[in-house]
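Taking the hints as your guide, dock the two standalone chains into a single complex.
The chain contents come next:
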Amino acid sequence: MSSELQPNLVALQTIVYREVKRFTRIWPQTLLPPAITMVLYFVIFGNLIGRQIGDMGGFTYMEYIVPGLIMMSVITNSYGNVVSSFFGSKFQRSIEELMVSPVSPHTILIGYTLGGVLRGLMVGVIVTLLSLFFTHLQVHHLGVTILVVVLTATIFSLLGFINAVFARNFDDISIIPTFVLTPLTYLGGVFYSITLLPPFWQTVSLANPVLHMVNAFRYGILGVSDIKISVAITFMIVATVVLYIGCARLLVSGRGMRT
Amino acid sequence: MSSALSIRQLTKTYGNGFQALSGIDLDVAEGDFFALLGPNGAGKSTTIGILSTLVNKTSGTVNIFGHDLDKSPAALKRSIGVVPQEFNFNQFEKTFDIVVTQAGYYGIPAKVAKERAEQYLTQLGLWDKRDVPSRSLSGGMKRRLMIARALVHEPRLLILDEPTAGVDIELRRSMWTFLTELNEKGITIILTTHYLEEAEQLCRNIGIIDHGTIVENTSMRNLLGQLHVETFLLDLKNNLSAPPQLLGYPSRLVDSHTLEVQVDKAMGITALFTQLAAQQIEVLSLRNKTNRLEELFVSLVEKNLAKVAV
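Chains as they are written, first to last, in this note's numbering: chain X, 1 to 259; chain G, 1 to 310.
With the rest of the complex left out, here is chain G (with noise of 0.2 angstroms):
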């Protein structure tokens, strides 16, 4: 499959002396779904705001579809769509003339802008609001409207910086319906996020930047298979007052009926629940404790964090 996104040795270092990136190689595949994930401060608004060259790169290169950013911006631009953190349109200005003028940016011309806008104001569910000047529009409603804007010359690539941040759940679940359904098209996603949950249901690729360099760039499945151990919160049907004895399960009572276990992948769960029928312990449900990745994705930022420190 070939290259949406490459990068070489992007760095940036800011007027004020702060270096942001230092030196990260990243691929995306074409038709990808990719997470990039980072703590705050991370790197991934400066690595987003290269991409859409509203942040000027110190050194390396980049390159989208084989279009190369110092060579070739304006070819690059056009393959790529900018969802941001924050909302950057006239607060003025009604919502399908936002999308209408930014499809006239692009060169197309009035009329296809106008049909554009129309399917796209009407798949994101803002077509009644279509005459409503933004300011008035919802939190929602304005970060669909980003995404409008960003669709409407139809890129083959999409960049979202946390584009459900502050979303009710009902409304973060018809967004990602709505991407997978845009990825299933073949447009290529980039997707930053601090939903871990949301990653691990839409990205199939994760890249997780720290400290401006990339801990690790590998698929979910890989990802999540680095996990060995989780912790699990078990609802208990029995009343008990001491953890039960689980020979290689770690364990210790939460409350009365909720029992957290830590389970070995190496020692699988159904050992677990053998021990526990043995002592006649019933488990009503059983969850886990944290996202799983969210475990790895904190074991991951303390590791580096601990080689920053040295």
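One chain only, chain X, in its complex shape (with noise of 0.2 angstroms):
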């Protein structure tokens, strides 16, 4: 095994390579728009709408979203990187390419994850920079930011990794993001706190794990929060390693890849 360490690790670095080198090429698709959507949401829900809404949880309402949607951007990001990358690659067969190599599966994995997390992350920083022209950003908790955006990058490559493998068209890369991953963002808390919300739909909105990941990173930004940060920081990591488990035995499988 340790013989394939140093091989995997030339491997892991070319794919990750290949992967930023990706998406910094094609920076008009891929950076610049949750640049300009964000800023659009800015000025329209923190400056123009936000100032009629008044505070929320304490903070002025632009304080109180911007949390929520950077962390909108990582979460579209990081899922939109891997899951173009990884189909786009099964559809040119140039997956092909890494399949008649020795590089593990986990390697392969791995060099994909990292790729989705760091196009999220590296949006991420640009919406932040982008916020501190709206508002004032104050970090309460450095640690568990970093955390929830790390690992919340981490779950959503991974999930976008399990909808491009299953994909056989270009509009099954688009269903799940538009029909599932919008609505449990906009229902996650990003706009709202879930105390404005009755008892049932509180209750039922704890089951958007979407809620969690917002929740917990907007602890780290405001130290405010309407769930529970253990239980979500808890979540997000056993969400990881089951991901992790599953795409793993996915690509040792070859579906979609292998006949």
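For the record, the hints were derived by calculation from the structure and aren't laboratory data. Predicted model only: the values in this text are computed from it and were never measured. A couple of the hints might just be wrong.
Said to hold, decoys possible - Straight-line Cα separation of at most 27 angstroms, DSS-like style, residue types lysine-lysine; simulated pairs:
1) G:Lys289 with X:Lys90
2) G:Lys71 with G:Lys94
3) X:Lys21 with G:Lys111
4) G:Lys111 with G:Lys94
5) G:Lys129 with G:Lys142
6) G:Lys289 with G:Lys237
7) G:Lys129 with X:Lys21
8) G:Lys289 with X:Lys21
9) G:Lys94 with X:Lys21
10) X:Lys90 with G:Lys237
11) X:Lys90 with G:Lys114
12) X:Lys21 with G:Lys142
Said to hold, decoys possible - Going by beta-carbon spacing under 8 angstroms, a handful of chain X positions derived as facing chain G:
13) Gln6
14) Asn8
15) Val10
16) Ala11
17) Val16
18) Asp55
19) Gln92
20) Leu98
21) Pro105
22) Arg168
23) Asp171
24) Asp172
25) Ser174
Using N, Cα and C, we set each Cβ at its ideal position, and we do this for glycine too.
So, in structure tokens, the structure goes:
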């Protein structure tokens, strides 16, 4: 196994470099759109409408939604990077370059996941910097902030990978983001505190995993949350492990890649 | 000579129930230039797919340079390079990047990878195209790119699935020279092709696969030795209105200046010319009606078809 470690590290570096090169090469499609979208959110929801709404959770509405919007862009971009890159490789059959090589399935999975995480984080940093033009940000708990954002990006990169493995055409890679990811994100406490909801819908909202991620991140930035942070972080760690095992099994079986 | 490839009782049944391989045995010696021939759908690409691990076998064993496919797949993969039939690289990546990235997948450090990419792209006449997105290359260039990519980790066994399909004759001949030089350097080569002239010219040994079984596995010399009757076309100086009487040589006139003659090896060709000379028929040139290997290939496949039909 140790004799395979060094070549796999080189292979991992190759995959990650290729992934980063891909999304930075096509930055007008990958990095610019979330920046523009989030600026519009800041202007319209945070500034214009937010002034009418007043405080939320003890913060101005702009301050309240910034952590949620950062998470929203991290979720969308980490998921989108892996699903489009891996499905693109399948579609062009360039995935065969990896499959015929001695790279271990774990290296492939970690490589694609890191690609997704790095794009998610890069977009997250861009959105955070843009938000500084509209509000003042202070980080309440740096460790929680970093842990939550990295775990979230990892989880959605792995989910994107599963989507790409099962996808047979380009429709299949847009169905989940449109009909599952977007509703979960919008209903995941990005724009509001669930304390505003009736008790029944508060309970229903707790079943939304994105709610836990957004609130844990908001806790890291603002120090307020609608849910227990320990529960949210435990959930994210368990989800990461379970998803990783599932993805690794898919890769080993060669589903969607080997005949 | 040690074995490069050893296949035993290899079977493949696809999910739809189609049995592509029904227990084939195949051996290729180290240093060989081996042709794997067969009609469309015979099982060639499935066999190559299994060797390159893109197709999961149903049963049987595959061993390459002592590495078992099931027990040490990484070592096995490291020892082979595969040039597939279909283009399978990222169309948006640059030529140079495709080769360097592939080297990275094999654990080759970037500095060495770049040196080798330059070496193989130069040898294959693609160095000028190194910064060009691969989608803008011509069909022949794309095939050469796949060869460079397959060689960058310096495999001991190179498998080429119809590498010259759709390539013009000049380029095809330069690829033959390149592959021959590789083989002379010690790289074992397995080639599938529909150009039987290519197989006859390049390969020392041959396997013919049909309906998922190996119907012939022998040396090119032995196989061509099985050809008892060859058909020749003779270009005549004389203008003939009827075929000449040639004892022991069935013949017919294709046109007034072309005579088709079947020559049994036991009879030889000298006696034919003696008879023609006796009848004052002058021959300007002669050629095989079809490629010799093609005649054998067709007869073997037809025989097997009759067996399968029974």
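Results for each hint:
1. G:Lys289 with X:Lys90: 45 angstroms, violated
2. G:Lys71 with G:Lys94: Since the Cα atoms of Lys71 of chain G and Lys94 of chain G sit roughly 36 angstroms apart, the hinted pair is violated (cutoff 27 angstroms).
3. X:Lys21 with G:Lys111: 18 angstroms, holds
4. G:Lys111 with G:Lys94: 18 angstroms, holds
5. G:Lys129 with G:Lys142: 11 angstroms, holds
6. G:Lys289 with G:Lys237: 19 angstroms, holds
7. G:Lys129 with X:Lys21: At roughly 20 angstroms apart (the allowed maximum being 27 angstroms), Lys21 of chain X and Lys129 of chain G satisfy the hint.
8. G:Lys289 with X:Lys21: The hint is violated at about 56 angstroms.
9. G:Lys94 with X:Lys21: 12 angstroms, holds
10. X:Lys90 with G:Lys237: Not satisfied, since the Cα-Cα distance of roughly 61 angstroms exceeds 27 angstroms.
11. X:Lys90 with G:Lys114: Holds. Lys90 of chain X to Lys114 of chain G sits at ~26 angstroms (cutoff 27 angstroms).
12. X:Lys21 with G:Lys142: 22 angstroms, holds
13. Gln6: 6 angstroms, holds
14. Asn8: Hint on Asn8 of chain X: holds, closest Cβ of chain G at ~7 angstroms, below 8 angstroms.
15. Val10: With Cβ-Cβ at 4 angstroms, under 8 angstroms, it holds.
16. Ala11: Ala11 of chain X check passes; min Cβ-Cβ to chain G is 5 angstroms, inside 8 angstroms.
17. Val16: 10 angstroms, violated
18. Asp55: 49 angstroms, violated
19. Gln92: 6 angstroms, holds
20. Leu98: Given a least distance of 6 angstroms, the restraint on Leu98 of chain X holds.
21. Pro105: Violated - the Cβ of Pro105 of chain X stays beyond 8 angstroms from chain G, reaching only about 11 angstroms at its closest.
22. Arg168: 15 angstroms, violated
23. Asp171: Violated. Min distance 21 angstroms.
24. Asp172: 20 angstroms, violated
25. Ser174: 20 angstroms, violated
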